[in-house]
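In order, the protein sequence lines correspond to chains A and B. Each residue of the first sequence is one higher than the one before, starting from 146 at the first, in the working numbering. Each residue of the second sequence is one higher than the one before, starting from 44 at the first, in the working numbering.
Watch out, some of these pointers could steer you wrong.
As the list claims (entries may be wrong) - Ranges between beta-carbon positions, derived for each pair: (1) Ala230/B / Glu212/A: 29 to 39 Å; (2) His196/A / Leu298/B: 21 to 31 Å; (3) Arg215/A / Arg114/B: 52 to 62 Å; (4) His196/A / Pro296/B: 41 to 51 Å; (5) His196/A / Ala226/B: 51 to 61 Å; (6) Trp322/B / Ser174/A: 26 to 36 Å; (7) Arg231/A / Leu131/B: 53 to 63 Å; (8) Ala241/A / Thr318/B: 33 to 43 Å; (9) Glu179/A / Thr181/B: 53 to 63 Å; (10) Gly199/B / Glu179/A: 38 to 48 Å; (11) Glu212/A / Val243/B: 36 to 46 Å.
Read the hints as simulated data drawn from the structure, not as lab findings. Keep in mind the model is a prediction, meaning the values are calculated, not measured. Even for Gly, the Cβ is constructed at its ideal location relative to N, Cα and C.
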Amino acid sequence: MLFRVDLSSPVPLGDQIAACVRGALADGSVRPGERLPSARELATSLGVNMHTVLRGYQRLREEGLLELRRGRGAVVTGGPTAGRARLTIGARRLVAEARALGLSDEEVLGLVRTALSAT
Amino acid sequence: MNSLVKGRSGSDGAEGPAGPVGVRRVLVAVVPSVLAAAVVLAVYLSVAGRLPDRPATHFGAGGKADGFSGRGALLGTALAVLLGMGALLGGLTYRLRSTPGPQRALAVLGAGTAVALGWIITAVLLANARAEEASSATVPGTQAALAFGSAALVAGACWPLCGRDPEAPAAASGPVAGAARLALGDAETAGWSRVAGSRVLPAVGALTAAAGLPVGWTAGWPSALPLLVSGALIALLAGARVTADRRGLTVTPSLAPWPRVTVPLERIAEAGRRTVDPWRDFGGWGYRAVPGASGIVLRSGDAISLRLTTGSEFVVTVDDAATAAALLNTLADRARRTPDGG
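Work out the full structure, taking the sequences as your base and the hints as a guide.
In structure tokens, the structure reads:
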């Protein structure tokens, strides 16, 4: 898969790396069970700090998209990962739009709760 | 032999496939085998009168003789193995001329193997000549240690003899304007990485290792070791991680950090994708070299195809090769704009 980071962007590099993986999962170019390059490999590849990559991978693990195994690197979680990746991207888009409108965190959560109770 | 002295300063376009460096490396691979064969022949002739009719040719535990064969057969086999190996490794070294790194390793390996074999055969001949009768001949383990030690020394000495890897011609043009590119901003950096698997090689590895099990049960585990180890190695090397980034194209086994094959951006004239048929195009799977092309071929289908500045082709079978090729073209452009790389 393609990792690309923009050094001039205000988005932290780790988040940019996480976004690359999410996008690749969502469009199916990376499949469940596939192994991503280790944080060290990817860091030398892109010329960034290893901890930057690890921050990105950690974020993906929190989202349930990636499993980090000591010594074995990063493996894409099995199951309907592509759907989960799309959902995560949607959630981030929701938050970004809400922030742009000036909504508080509570208001965003309220919005989601209302949507949940409506179904 | 002139080319040996002249080095790579020749005016005949030293970077050509059969340039001085290539000749030198073929000589490094071949000459030690020929010399070892000559030494073996000379020693044989000088001790022939004292050799038993059926000299000991195999030595078991403690260096005691436990296998015997005819005198002529011993000499014939020894010379055939040494000269055959020299010819084989010389040919392979010549064919690997588009990938200088592995070529050097192969030439040095050939030199070292010739020394080890020559040493051991000579030790066997001398042991037979010394012994009262063939069955009392012994070759102590120290001879094996000496053989491998001297092989390592010669290999080490041959490494610099191979000469520097030929550099890309300075005027090498980059990818043509029509080649696929990946749009990349000036502040952007990108890397592409993917595991390329093989369905055939893991099966071969597993079968080889499995064949070791009955051998181990019936003949003892030490004799099964080669099968088990080579099976595990084949399975281990069956998957490759392919990386395209600011350093060029890198291929490593997916489960181990080496051996590593790297094609730096400066050596890439243009990257593209093609479809590979392992049997028709490369005559098999693995690390292949045919005239004009080499590469890592683990399956059929989509592959990155690099046109190198030397004019030959380097191929790696991997999915989504088009993206990797486009990225390599972009990065190769960038490396040529800023000679220090991006």
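Hint check:
1. Ala230/B / Glu212/A: 29 to 39 Å: 32 Å, holds
2. His196/A / Leu298/B: 21 to 31 Å: 25 Å, holds
3. Arg215/A / Arg114/B: 52 to 62 Å: At roughly 60 Å between Cβ atoms, Arg114/B and Arg215/A fall inside 52 to 62 Å, so the hint holds.
4. His196/A / Pro296/B: 41 to 51 Å: 26 Å, violated
5. His196/A / Ala226/B: 51 to 61 Å: 29 Å, violated
6. Trp322/B / Ser174/A: 26 to 36 Å: The hint (26 to 36 Å, Cβ to Cβ) holds, given that Trp322/B and Ser174/A are roughly 29 Å apart.
7. Arg231/A / Leu131/B: 53 to 63 Å: 55 Å, holds
8. Ala241/A / Thr318/B: 33 to 43 Å: 41 Å, holds
9. Glu179/A / Thr181/B: 53 to 63 Å: 56 Å, holds
10. Gly199/B / Glu179/A: 38 to 48 Å: 41 Å, holds
11. Glu212/A / Val243/B: 36 to 46 Å: 28 Å, violated
In summary, the numbered hints that this structure violates are 4, 5 and 11.
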